[in-house]
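The listed protein sequences correspond, in order, to chains A and B.
The first sequence runs 1 to 228 under our numbering.
The second sequence runs 229 to 1236 under our numbering.
Just so you have them, the derived chain A footprint on chain B, three or more residues with Cβ under 8 Å: (1) 819-826; (2) 888-899; (3) 1031-1043; (4) 1090-1100; (5) 1128-1136.
These are computed hints drawn from the structure, not numbers from a lab.
Owing to the predicted nature of the structure, the values given are computational and were not obtained by experimental measurement.
Glycine included, C-beta positions come from ideal geometry on N, C-alpha and C.
Read off the chains here:
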Amino acid sequence: MPEVLAAVEAGQDSLVTGVAELISGIVQAGTRRLDVPEDISQEQAAALMLRALDEPAAVLAVLAAHSSPRAACWRVVQRARKPVVLVPPGAKVRRPAISRVLLPLNGTPESAVAVADTMGLLARAGVDLIVLHVFDAATVPRFWDQAAHAHQAWTEEFLARNAATAGARLELRSGSPGEHVVDVAGAEEADLIALGWSQHLDAGRSRTVRRSVLRAGVPVLLVPVRSN
Amino acid sequence: MLAGHVLGLRRSRRRAGRAAVRGWQEAVIDRTFAAVVLDWGVVVVPDRGASLRAVRSRVEALCADGVHVAVVGGTGCADVDGRLRVRPSGPGRLLLGLNRGSELFEVKADGPHLLRRRVASEAEIAALDRVSRVLAGTLASRGLDVRVVAVQRDRSKIDLVPEPSWDCPAETRIGELGAVVAGGLRQCGFTDIRDVVRLGAQLAAQFGLSDARVTSDANYVEIGLTDSPDSMRDILAVLARVGIGPGLVLAVGGKPGSPDAADGSGSLLRVRQAAVSGGDYPAGGFADISPAGGGLQAVLCLLDEQLRRCRKRRVPSVDEDSAWTVRVTGADRLSPRAEESLFTLGAAGFATRGSVEEPTGQSVPLTLAAGAYLGSGPGQHLLPGPRWTGLDIEPAPGGDLRMLDLRTGVLFREEESGNGPPMRSLRFASLTLPGVVALRAEASVGRLRAGSPLQPPHDARMRRGRIRDWHWARVGGDGGPGIAAVAWQRLGRDGDTRTVERVAAYVADPRRPPALSRAQEMASAAGRLGFERVLAKHRAAWAQRWETVDVRIPDDPAAQLAIRYALFQLWCNTGRHDELAVGARGLSGTGYAGHVFWDADVFVLPALVSIDPPAAQAMVRYRLRRLAAAKARARAAGREGARFPWESAATGEDVTPLSGHVGGDMVPILTGQQEEHVTADVAWAAVRCAEWTGRSMHPARPGCSLLAETARYWASRCRHDPGGAAHIDGVIGPDEYHESVSDNAFTNVMARWNLRAAAGAAERAGEAGSESRGWRQVAESMVDGYDPVTKRYEQFAGYYNLEPLLMEHVAPVPVAADVLLGRERIAASQVIKQPDVLMLHHLVPGEVAPGSLRPNLDFYGPRTAHGSSLSPAITACLLARAGRADEALAMLRMALDLDLGDLTGMTAAGLHMATFGGIWQAVLAGFAGVSVSGGLLRVDPRLPTSWQCLQVRFRCLGRRVCVTITPEAVTVGADGPIRVQRAGSQPRLVSGQVTFGRLPESGEMNDA
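From just these sequences and the hints, can you work out the full model?
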């Protein structure tokens, strides 16, 4: 039976396991608890979690997020071949179930492909999907003709290309993606943020990832671009 | 691309030969051709005395089914027609290309008619004689025994083996003869017979026959003025005039047309060739073609195959000419919805998106009718009509090739992988039967099912039913617009292949349900003609269209194709000659809801008037019929005259939405209230249409009342300061980054032009009075922001006080700068969305100061974000006029790629009509420098460095005009007298054609 791995460090018990159970409901899997000893290094803790995640039954892992870049969670997300949910300290899930998910997409085929299966899964589970696209220097459209009409044309095509799952709606912003992910997650009262990413913490998109994880106040599902 | 398929067959017994040929045909020639060319030598070989009844019956049958047939031979008409004795009843034609390319006949019911004969001049005859004598003398001096055999007046022959034993050898001895000749030549120091041919060609050129045809046979070298490929060229030229390109021609014979591409004969390379001669037929100069077998039997099988394919309603082929086809394969797909927009087909005010036949989750199949709007207010949108292209195909095609043939207006699709017969389809919107559309499709039996020929549009109700074999469907009505369609379809089978043939006829009415009877009449007319004839007439009409309007840029085939694509879609998305509303995305998608903007008046109409003048007049009629609504709108604003809306649809009321988005930011929309230049743009378009078509703005004509009413509006709109200067406050110019500005130069100068044009029209009509004098006074007092020192126009009052931000410090252009930096930031800067002041130099160069184009280009160019799809093409035109043609070309390429490369990311919602209009204006007015005013056609070209030749064909002043520009000369030709002026010279009346020398390019077009 597929399993959601809840990697529990000291003091993170209810937060991580709670989120793991919510995620399990969506992916229709069981949960398995992995207790991470306190007296091991961050590297050893990461290795322990990665080994458990690599087991065939594990479909994803849920771990606590830490602000320190040397924390085990960041080592895990950079190396994991499967999705990982990072739960920030004090994260809140507003509803009894995960019912609204924010999916930031930068419009590249890679990011769309990365979260396509996740989107499908969430849609089938009846989750309200909100796609967020932020216009910045890299993604700003070349043309925006009439403000009265361009938005509809652009939105329809963006969703068709990147989030063809029925029912997803698009929120557009301009500026810093990281900032807007946090803001929109709060404004829309999202229960979860799902991000496809390259697993490179030194790349530009990593700022969005770190900011989302540490500031959004809700769990963040990180889907490696290579991941199925 | 060498498209010939050359096939060889071994000689075999008759029954085995038939089976072999059939298998070969099924495997290889899986195409349905529009014309067949027969080599007479193969038809009569091996038995020259045999009856040709079998050939005759097949040729007559093919012609009756609409397939054109041609015969190419070395003998004369008496021989060929005397033996073949075909008397075709049509619609397919029978052509005879005889006497080695020197004569072309068409055989009709009453016999052969000479179409063309190449007659040698006395000088040419003398030259031929000299060439053959000198060549024979040269050969003899090297020890070869030869004899000159003068056969006809236009050729001479040298027999390399003049021995009686080799007179008229049997086909079976041809190989032996060739060996004798080769041996003799080698003994005399020649490598082979090709050496002799080359020597003959050199001598011919030396004696003034630079275009001589020097060929060889087994034992002859022939020098002539024509040869068999000339017959093929003549035949292809006749077929091209009815829209049949070389790729639709099957040539059956022993000696396919020359594979060399000299003299523009590259078209020969696209002819499909089947070599079916028997025995050791020499390959002549074509070393890569294998001798073949099968002979007459193979010919009959090929003809039977084409007859069967016709009668089984197989999908016709397409001429895959890269100069005329837009192709998409699996490797280079855009988004499927963008591709659907690109493959839109239309005619007569109806258009259908190029969606694939089978239903997909991604598809947006749509058929729209011009002017049929549903809803009210800003929510008005074009009514979607019944869909006619849907088929059930299971499994759906995987990889496929989709090809839009611009020359014949058809969309072709062919599956590229899979087992069994590939899925194919071909569809078109008839150019000769308004509202009629047709398709054929084929796939393996069990995989293709037709389904209902008319299906409901997405999210809309449709009523439907059947009357005997006819299906009907209707949408809309109930007090509003309606679209109705009647269709029939036939299912068939050809072996393992299922075929579907479907024809539908559409009618629309903007106010009420259209009568089904009209649709049924059209569908019946199509039914009586049959699919093949409807397609044939459609192809021929497109060929005629391209003969009148076209662009040729030999040095830039990519641009040439993209410009042709722009013309194609302008035609497909317009096409009505009664009243024509052209929405921003035409009829190619739901984008912009079909609303009509200034795009139509300023970008589309100037192009359309040069390619389809009645359609341009229909666009003016659309505005004229909404003059009452415009007057009501002016009254509502406390003004006089007529005030046209920013966005218009069914009634002429303003349908501009009140809110929208810039990027993700919701914003109030002020264009409906403030972008008032559209009123002058509408008047300008009416005048442009009149000027270009050579019709004056006579007071009796409705266009004059439009001019007067719009002038009245401007006169009432202005604010006069204590000094008497006229101002226009609270507007938006073409640059929509800056709102609520005063004295926008474009608005003010267009208003001034409008006032002066109306006053002038009144004065010419003898109706000058206080009102027209008042218009002139307002015009004279209009503030325009011009500084004679800098020669620049300030875009609006206070523009120079804004932050002097240049685009090089913002982002590479084109870019939606307001989305990137936010509206407020951009509004506080000098960054502009698109040409604003510079639009004056494009539209009303007589209203701007001479010599002011370059200073304003230099100033505003670096400040232009080009964040509007309207911008690149017009900028290209302006740069060309300013003598910066290479920069202009770079901008033109951006415009050309806007939809074809989906640069906006929004082509899925429809094609950008204003860009297409701007492209044609950039080519015609920009690079070719064509303008029309006062009944005079002016030409002042500016070619980019990489274009050594530009030819444009267009319509103006009631004429069909062709302008050809090279570095040395400008040639203007017309189909009737026309006044022409080359810049720097005096106007002259031209009948036929005139050539001017090119002058050095200097100055701006405005500097008169």
